[in-house]
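Chemist: Given chain A, work out where chain B with the ligand should sit, using these hints.
Chains A and B supply the protein sequences, listed in that same order. First residue of the first sequence: 1, per this note's numbering; consecutive thereafter. First residue of the second sequence: 327, per this note's numbering; consecutive thereafter.
One thing to keep in mind: the hints can contain errors.
[Stated by the list, open to error] Pairs of lysine to aspartate or glutamate, DMTMM-like flavour, derived with a Cα cap of 20 Å:
no.	chain 1	residue 1	chain 2	residue 2
1	A	245	A	292
2	A	173	A	191
3	A	86	B	589
4	B	742	A	292
5	B	733	A	116
6	A	40	B	477
7	A	4	B	478
8	A	4	B	477
9	A	270	A	249
The hints are simulated quantities; they were obtained by calculation from the structure and are not laboratory data.
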Amino acid sequence: MAGKIYSRPILFTLMVTAAVLAGSIVMMAYPMLRPDMHPKLEKLRPFTPLQLAGRDIYQREGCVNCHTQTVRPLRTEVMRYGDYSKAGEFFYDRPFLWGSKRTGPDLAREGGKRPDSWHAAHFENAQAIVPRSNMPPYGWLKKEKLDPVSVKAHMDGLGMPYTPQQIAELASKTEMDALIAYVQQLGHAVEKPRSAGGLDLAAVNPFSSSPQAIAAGAAIYIANCAVCHGNEAHGGIGPSFVDKKFLGEPGYGTDGEYFAIISAGSDAKKAIGRPGLPDGGMEAFGTQIPPDGIWRLVSFIRAQQHHEATEPAGVEKREHETGGKH
Amino acid sequence: MNEEYRYDYKTVEGYILSAIVWAVVGLVVGLLISVQIFAPSLNFAPWASFGRLRTVHTNILGFGLGIGAVFGLSFYIVMRLTRRPLLFPKLARLQLWLFNVGIFLALVTLAMGYTQSLEYAEMEWPLDIAIVILWVMFAVNVIGTILARREEQMYISLWYIIATVVAIAVLYIVNNLAIPVGPLKSYHLFAGVNSANVEWWYGHNVVGFLFTTPILAMFYYFFPKSTGLPIYSHRLSIVAFWSLVFGYLWTGAHHLVYSPLPDWIQTLGIVFTLFLIAPSWGSVVNGYATIGEDWGKMKTNYLAKFFILGITFYGLQTVQGPTQGLRVVSQLIHFTDWVPGHVHMGTMGWVALTVTASVYYVIPKMYGTEIYSVKLANVHFWLVLVGQLIFSATGWITGIQQGAMWKALTPEGTLKYTFMETLVKNYPYWHLRSLGGAIFIVGMVVFVLNVLLTIQKGRALEAGKFTAPAAA
Ligand code: HEM
Numbered sequence: 001m002a003g004k005i006y007s008r009p010i011l012f013t014l015m016v017t018a019a020v021l022a023g024s025i026v027m028m029a030y031p032m033l034r035p036d037m038h039p040k041l042e043k044l045r046p047f048t049p050l051q052l053a054g055r056d057i058y059q060r061e062g063c064v065n066c067h068t069q070t071v072r073p074l075r076t077e078v079m080r081y082g083d084y085s086k087a088g089e090f091f092y093d094r095p096f097l098w099g100s101k102r103t104g105p106d107l108a109r110e111g112g113k114r115p116d117s118w119h120a121a122h123f124e125n126a127q128a129i130v131p132r133s134n135m136p137p138y139g140w141l142k143k144e145k146l147d148p149v150s151v152k153a154h155m156d157g158l159g160m161p162y163t164p165q166q167i168a169e170l171a172s173k174t175e176m177d178a179l180i181a182y183v184q185q186l187g188h189a190v191e192k193p194r195s196a197g198g199l200d201l202a203a204v205n206p207f208s209s210s211p212q213a214i215a216a217g218a219a220i221y222i223a224n225c226a227v228c229h230g231n232e233a234h235g236g237i238g239p240s241f242v243d244k245k246f247l248g249e250p251g252y253g254t255d256g257e258y259f260a261i262i263s264a265g266s267d268a269k270k271a272i273g274r275p276g277l278p279d280g281g282m283e284a285f286g287t288q289i290p291p292d293g294i295w296r297l298v299s300f301i302r303a304q305q306h307h308e309a310t311e312p313a314g315v316e317k318r319e320h321e322t323g324g325k326h
Numbered sequence: 327m328n329e330e331y332r333y334d335y336k337t338v339e340g341y342i343l344s345a346i347v348w349a350v351v352g353l354v355v356g357l358l359i360s361v362q363i364f365a366p367s368l369n370f371a372p373w374a375s376f377g378r379l380r381t382v383h384t385n386i387l388g389f390g391l392g393i394g395a396v397f398g399l400s401f402y403i404v405m406r407l408t409r410r411p412l413l414f415p416k417l418a419r420l421q422l423w424l425f426n427v428g429i430f431l432a433l434v435t436l437a438m439g440y441t442q443s444l445e446y447a448e449m450e451w452p453l454d455i456a457i458v459i460l461w462v463m464f465a466v467n468v469i470g471t472i473l474a475r476r477e478e479q480m481y482i483s484l485w486y487i488i489a490t491v492v493a494i495a496v497l498y499i500v501n502n503l504a505i506p507v508g509p510l511k512s513y514h515l516f517a518g519v520n521s522a523n524v525e526w527w528y529g530h531n532v533v534g535f536l537f538t539t540p541i542l543a544m545f546y547y548f549f550p551k552s553t554g555l556p557i558y559s560h561r562l563s564i565v566a567f568w569s570l571v572f573g574y575l576w577t578g579a580h581h582l583v584y585s586p587l588p589d590w591i592q593t594l595g596i597v598f599t600l601f602l603i604a605p606s607w608g609s610v611v612n613g614y615a616t617i618g619e620d621w622g623k624m625k626t627n628y629l630a631k632f633f634i635l636g637i638t639f640y641g642l643q644t645v646q647g648p649t650q651g652l653r654v655v656s657q658l659i660h661f662t663d664w665v666p667g668h669v670h671m672g673t674m675g676w677v678a679l680t681v682t683a684s685v686y687y688v689i690p691k692m693y694g695t696e697i698y699s700v701k702l703a704n705v706h707f708w709l710v711l712v713g714q715l716i717f718s719a720t721g722w723i724t725g726i727q728q729g730a731m732w733k734a735l736t737p738e739g740t741l742k743y744t745f746m747e748t749l750v751k752n753y754p755y756w757h758l759r760s761l762g763g764a765i766f767i768v769g770m771v772v773f774v775l776n777v778l779l780t781i782q783k784g785r786a787l788e789a790g791k792f793t794a795p796a797a798a
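Bound conformation, chain A alone (with noise of 0.2 Å):
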């Protein structure tokens, strides 16, 4: 009978094995055999030797500790981030790094989100951008230099493509800028769902210059937005709203094109068809801050350009080179 096993250890042994091996196989084994575990979308890139050295120092660094990259596809999770998470996102992922604890927000969309000084800033102490922040300092990586050697032996391991020079670059980069261009590749092949299409460019401000919207504008503009473009609305890593500029060029815009950069981000660019800074980096806060919010946003901006423009010279202008600094 049956019980005569527990007297029998090999076949015991035999046994226990066979129960193992069962759920391994169907969930574990057979799925690498089916097509659908190994997708690739059209638009992923291998990483570039200095993305696979700054996604090394990730590695090393334990980000994905803190750090999640995966988006669900969950209605407010798609707002707060983006694009849910594409299976054919990952080919090249060795080890997958989705994390499975977000003590700081998931970077699955993060790349083109912010500028690269905004990384460089906040890698170097993070409590300075956002003062209530828990995450550790990693200003010291400025100071590593990357090894070509050990990378263009980690590329070849992975079979990945690169060319001599892209490996030379190597040696005048610091571990800060291969960790930057490894975040700023996160996502990449995802087209961003936002985007300035539906917004109306000749909008006008139902709020116009009423007071109560500037001071609900206002404090909504120092929650979101100072840390980037200054306390005074001055200017930091996001350009400066009363230099008689917009986006790179001369004049200021409409209400309906500010409030296509807000609620769109960088990539309102195209359609409002001024330049911009280079690497973009205004954030799309269309699904955090409700059409009011950004109405009083724009009212406030207004209200600083006023004010500006009837400030005599010379006052309030130490604020320039901190940028949000507080």
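Modeler: What follows is chain B with the ligand alone, placed relative to chain A:
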């Protein structure tokens, strides 16, 4: 000590002492990272930053404390249940030294940032090879000793130990297949979605076969031994064993709910996850029915409450687990602090209570003496219990809160909270959690003292037996 077993008992003692050392290291690191998460200025050096130390914490406790205790206590159980010393005593001793060197190297390399970034499989490839060698040594000794046993029937605990030996070998080898590109650097052999699927097949089951099956082996042996109550139902343990060993391996995908992993794998994983309640509760019911034979033992036997509370937390854990796998629940709690809350009820509740109680039983037994102080053991019990409850409960509360805030919308249909608004709400709970952790650690220090003093007492007794009774 009994002469026939003397050498092997020293080996067992060596494992227990090693596990204790690694426990202290891992717990202190745990306390540090629990503070770093609200006081980032304590990330005072690259090797001491949160991202690296979290990995040190999980590995040193999982592999240093966990495997150390499993090695030592399994050897003890195997010897008792086969009624003979180990088949290869020297091999077990060599394994002990290799184990400690390995864990030390893991500590150093992980702090230096050499990691595969696969949860619970972070150690780089040279250390993986060392672990496989260690495991083979362990397997040879366990299976060999069982084959040469002096007792016909294999008792339940031996089943669980054999399952541990087999499953960990399969899991560890497959998930650590990698492309080495440097002395301490490799890339997972599997890419993308496939990498994720292999990792969580491993990740869930390494927890199952390191923190469940060998702990059940201890429970089924030491609980009846220390209370004198026979296990309530043999038949129930047979059903529970086979369904657990079969069912576990199907469930890893519940860690990847709503990820880009193909839906059919997620769904099948969730179905088996629900099923897993049955075998887990088989053991829980068996434990309760056993103490039900004489509830008075909870008062008269100081170890009974360790085992019963331990199996209670196992029961709660295995209700939580399957619930977490459900899509509606996963949505809310996945990625939040709920998960560490869940994990630590298992580790600090179920595993730590059962292992420490087993050590309390084994150490005096090997010396033929009594525990140094039952009172200290009771102090230890209450401290770790309170510490763990604070730790888990704060995690659950703040996890649900954060999950709900992530999903909250304004009437206009935009997100109600920025990420930072949801993060800062964790801070008060994180403070409390550190307090819970600190209380737990104090409890563990009491345990360590109690064990060391018992060993001292045992050795004095031994010295008295073998030398002239002249000691003053
Ligand atoms: C039948 C029993 C169990 C089931 C079905 C189960 C299920 C789960 C699930 C679904 C998660 C993922 C939670 C999420 O993030 O969505 C999880 C996480 C975890 N569980 Fe369990 N659990 C069980 C028992 C245990 C036990 C006994 C322990 C340890 C003693 C344990 C330790 C862990 C660990 C370490 C994690 C964290 C994984 C991570 O870092 O994301 N579990 N479990």
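Chemist: Now look at each hint and say whether the structure bears it out.
Modeler: Quick rundown of the hints versus the structure:
Taken as a hint, the residue 245/A and residue 292/A pair is broken in the structure, with Cα atoms around 25 Å apart against an allowance of 20 Å. Distance hint between residue 173/A and residue 191/A is unfulfilled; the C-alpha atoms sit about 29 Å from each other, more than 20 Å. Distance restraint check for residue 86/A and residue 589/B: the Cα-Cα separation of roughly 12 Å lies within the 20 Å cut-off, and the hinted pair is therefore satisfied. Distance restraint check for residue 742/B and residue 292/A: the Cα-Cα separation of roughly 14 Å lies within the 20 Å cut-off, and the hinted pair is therefore satisfied.
The hinted pair formed by residue 733/B and residue 116/A fails the criterion: a straight-line CA distance of about 29 Å is larger than 20 Å. Only pairs whose Cα atoms come within 20 Å are accepted, and residue 40/A paired with residue 477/B is rejected, the gap being roughly 57 Å. Distance check on the hinted pair: residue 4/A and residue 478/B sit about 10 Å apart at the alpha-carbon level, within 20 Å; holds. This hinted pair checks out: residue 4/A and residue 477/B have alpha carbons roughly 14 Å apart, not beyond 20 Å.
The straight-line distance between the Cα atoms of residue 270/A and residue 249/A is roughly 14 Å, inside the 20 Å bound, and the hint therefore holds.
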